[in-house]
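S.K.: Here is what each chain is made of, one letter per residue.
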Amino acid sequence: MERFVFFGGKGGVGKTTMSSAYGQKCARSGLETLVVSTDPAHSTADVFDQEFDDEPRSVEGIENLSVMEIDPDEELERHLMETKRAMGDQVSPAMVNEIDRQIEMAHQTPGAYEAALFDRFIDVMRDADPYERVVFDTSPTGGTLRLLSLPEFLEGWIDRLLHKRKQSIELYERAAIGNREPRRMMDGDPIIARLQERKEMFEFAKETLRDEAAFYLVVNPDELSIRETRRAIDSLADHGLSVRGLAVNKLTPEPDDDEDGRGARYLRDRVATERERLDELHETFDPPVVAEVETRVREVKGSLLAAVADELDVAV
Amino acid sequence: MDLAERIDHFRRVAEEWLRGLYHGMVSHPAYEKIEHEAEDQEDTFMLACFPDAFGIPSPVSYYTAELLPYLEDEFEAWERRMWNRGSLLERKGEQYHF
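First to last, the protein sequences are chains A and B.
Using numbering that gives the first Met the number 0, read the first sequence as starting at 0 and increasing by one per residue.
Using numbering that gives the first Met the number 0, read the second sequence as starting at 0 and increasing by one per residue.
If you are wondering where the hints come from, they were derived from the structure by calculation, not from laboratory data.
Remember, predicted model here, so these are calculated numbers, not experimental data.
Among the hints, a few may not be true.
[Said to hold, decoys possible] Computed list of lysine-lysine pairs in DSSO-like fashion (alpha-carbon distance at most 27 Å, straight line):
1) Lys-32(B) x Lys-163(A)
2) Lys-165(A) x Lys-32(B)
3) Lys-83(A) x Lys-165(A)
4) Lys-249(A) x Lys-198(A)
5) Lys-205(A) x Lys-249(A)
6) Lys-300(A) x Lys-249(A)
Chain A extracted, bound-state conformation:
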């Protein structure tokens, strides 16, 4: 089994439940496990009835299990401060204001939040050494897919920037024939060094996602969820990532045969429709169904989590 396991899916299908249950299952079988919540609306705290933050923290009462909730805002702030500090060291006071404005602006663009989240994401994968298994509880489908498609996209972009920078420096060097000092030099150019560093980071992310990660999608037995899952599988495939399995959650329990009240009839109807959806999932989807989990009356926590974990047929 791969070291990094991702649970994704439409909003509200039970990704957190599934990833927490799987995390617990791994921890129980003796693997040092970390559950990472990347959804801005963190709910791992509710599942384990314990507060978590940006640093991994071990779960009380469960051995080998830690949880962290990624906070992109903190990362964004840190990045902003670091850039400003570098500016203080490098830039002459006359230009500080001009450049400061530009830096502030860059940290308020729509992509900044995602980039910060992505950076933390890569940090977690890089520093995963103490853990034998890292389970990612991702944000709803759209956000996750965008996040996972970032490395390739960004790598291409950085490549083009690097190429341009090198071209202009080459020309400057060529223009400085004779005794003249070229305006910029290739050796020790901080811009090229930085861009190179970023490029390597994206490469690392791409390779890790491709070689060391497994993806599972959580589905509910309803039309919308199934459609979104189909789309998600397609777009993940576009990025060269294949979905390992589907975890069906929130199935309606069947009433006893001798019951015939209104509630029982309702449940029976509901189960029949869900049966069709389930068949559709079994027959028309490539990834196998790895779990069929019934709706729980109460919130899934504590011992219920262990029960869900037992129903999850995902290798540890």
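With chain A's structure known, arrange chain B on it following the hints.
M.R.: Chain B alone, transformed into the frame defined by chain A:
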């Protein structure tokens, strides 16, 4: 001053003039041209890095912002060029000394 010295002197002056003339007419405009081209390349680089300076959102401006502290001179020159440049024709025409 004897003849040999005068000839020598004349040759030195002529050489200096010729070198200056060659530099002014051929090599200097060539350097300038290359340098201009380099500046143009740099402009494209800067624009690709900071399109949000012109209101165009960029997916990587978060990452390129960290380059800014090291791009002080370039940034200033770039902004000046971007705002001052009348037209591409003017900019390209500058390198020809009519």
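S.K.: If a hint holds in the structure, say so; if it doesn't, say that too.
M.R.: So, going through the hints one by one against the coordinates:
1. Lys-32(B) x Lys-163(A): holds (18 Å)
2. Lys-165(A) x Lys-32(B): It holds: about 18 Å lies between the C-alpha atoms, which stays within 27 Å.
3. Lys-83(A) x Lys-165(A): holds (26 Å)
4. Lys-249(A) x Lys-198(A): Roughly 42 Å separates the two Cα atoms, so the pair is violated.
5. Lys-205(A) x Lys-249(A): The given pair, whose Cα atoms are some 33 Å apart, is violated under the 27 Å limit.
6. Lys-300(A) x Lys-249(A): holds (15 Å)
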